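Enquirer: Heads up: the sequence lines are chains A and B, in that order. Counting in the numbering used here, the first sequence runs without a single skipped number right up to 220 at its last residue. Counting in the numbering used here, the second sequence runs without a single skipped number right up to 1011 at its last residue.
If you're looking for bench data, these hints aren't it; they were derived computationally from the structure. Hints may contain errors.
Only pairs whose alpha carbons sit at most 20 Å apart, straight line, appear in this in silico EDC-like list of lysine to aspartate or glutamate [what the hints assert, rightly or not]: (1) A/63 with B/740; (2) A/197 with B/737; (3) A/63 with B/856.
Note that this is a predicted model, so its numbers are computed, not measured.
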Amino acid sequence: MEAIWLYQFRLIVIGDSTVGKSCLIRRFTEGRFAQVSDPTVGVDFFSRLVEIEPGKRIKLQIWDTAGQERFRSITRAYYRNSVGGLLLFDITNRRSFQNVHDWLEEARSHVQPHSIVFLLVGHKCDLEAQRQVSRQEAEKLAGAYGMRYVETSARDAINVEHAFTELTRDIFALVRSGDITIQEGWEGVKSGFVPNVVHSSEEVTKSDRRCLC
Amino acid sequence: MSDSEASSVAAGSSDVAAEEREASPVQVPDDSSPPASGANSTDNSIDVAPTRKARRRPDAKPPAEIQESQETKAEEQPAKESSESSVSQGGWGYWGSWGKSILSTATATVATVGQGLTQVIEKAETSLGIPSPTELSAQVEEDQHQQGEGSSETDGAGEDGASAVGSAIGMLSSLTSVVQNTGKTVITGGLDALEFIGKKTMDVIAEGDPGFKKTKGLMNRTSTLSQVLREAKEREELQTAEESLSSSDPERKAVAHYGMLFDEFQGLSHLEALEILSRESESKVKSVLTTMSGDEVARLREELDAIKEAFSLVEFDDEDVDEKKDEDGSEFERELAEALDGLHVSATADKLGKACRSACTQIAEMTKPLKEEEEGEEEDVKNMLPVENIHAAAIRSLAQLTARSIELFHKLAETILSSHSSTEASLLSQLTVVLCKEISLLSKKFTSCLTTAGSNEKGDVLNPLITGVFLEASNSASYIQDAFQLLMPILEVSHIQRRVESTQQ
């Protein structure tokens, strides 16, 4: 794996059971779609590099949580060290949309004292005929919580890259502006090793802000 | 731990304690190995310890007399310190980072450090009745002498090679027992023996290195296993990034970095998640205990002690670890399935089995062309797989197997916490034994590949590679054992949950 990256962001993916969290992540990290998969136990891990600007790579470490209720008390413990997250619901499953609020509340209460940048994802958008949640109401809900909204399909590979890159860009902007800072003992954002020959150390240490590129 | 205490333990109890100590020569050079392999050829000063030990030996003779005074000095400090650090750290911070200090700050005092290491190791060995490495190191010393003298003579070259291999094999067998013993130290109550020697070594180093105290202060910060491993990984990443830029040779082989590979296989993440669950469970147990009183709390404590005991009682017979056995990894899979029976983690177990099979396949492929070569033309030995490649494959396999083992423990923790069903600690310790045995077995297979393939290599090329494999194998086994220990609070919480449920009904 390429060792040179600017930052590592840890993202957590949450949402009801069977909305397609693992499938979305697998499409993103492995480029394939599995028709059948076992329900996630606890949490699984994936990682991938994303190039947000030419030469600027971010390593995403993705925590794929189990949606099943029986793992809820376990997955709660995993929120704290995430800087961002994808909150998924299934557009063909109204119930999963109604639960978005609960998921958000739960996440926000467990990331304290840190904050977390969420992206609302309406998944399985290839199943238009079975849609139970309209784009408008999903966008409205996202707006109310200050989130972006994206509709994706892991099966047809629609907007998968887009969803992850947008979230990464948003977090990157917050890191640059200083709204999110790297903290000792918090795994949400880590700075990578950028050899001085390629990038100026400006990218890593915020104190030195000259650009030599 | 005082010296007298140490020897009484060694003499009085089983040889487990003794062997734990014996494991230290492998543990000691820990972090100096990545640079040793990273430097590829030139710098012998950052060689791993056994070689260094051998080289420094002339100064240390006769060992018994000179050491006497220095040892007592070295021992006073650990005695002072053992209490504070053994409580919270379990030896972890030490093993993870002190190699760095040798590299970064002690280069000016290499001689002192090297000598210090030799003395500590020898002291540990002699006081415990373990065969001294004198013969072994004398042989290596002789080799080097020969190499020095005979470098201009073409005749001498062949001989040198042969004797270097001889010493490599000698080293191999002595190290082999160390790794076997790593398995045996499983669950016999942590790594206090290693810690004991580790502290001694640290103090010897500290004496000769003023900058060391500072490093040591930093190290105390690193208290969890995942932090230690993460820091190792980050150092390796930095090193790799720098090398990829400074290296003008595109043909240069990528050096195998255990920490980076371990992370690539998501071992770090699983470990971190397991630590989170373990910590949370621990504090839950504590808070439950504080809400109870009188007989109730006494009874619960007793029950929890029974669980704790199961985490410190098991050992396995390293006689079982036979290199010839289990060529395709099927034996391991059978044992694994047995150990995991009824634990509901089949998906993760499959991944682990696959990792093991792939390692066995690699080993089979490595040994195949060699056998053919022996039958055919003996002159053309250059076609053999480079030892660096074998080393890289070994490190990769160890990292993968360890990462998968940690993943398995993590999944077990999650399953136990979510299922409310009872899990026997003895099953988990049996599993740990199976995993450590496999690590030991694989490392033996890989190193015998190395020895065969490197029969024409000089000792100073081959030995660090072999030592490196045993080192990471020994570390791997420690990581697995530590991960196993992390399951203890989880079983305790699970026990309390079931207790509450049964009283409510």
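Enquirer: For every hint, state whether the structure bears it out.
Expert: Going through the hints against the structure:
no.	hint	in the structure
1	A/63 with B/740	holds (19 Å)
2	A/197 with B/737	holds (12 Å)
3	A/63 with B/856	violated (37 Å)
The structure shown violates just one earlier hint, number 3.
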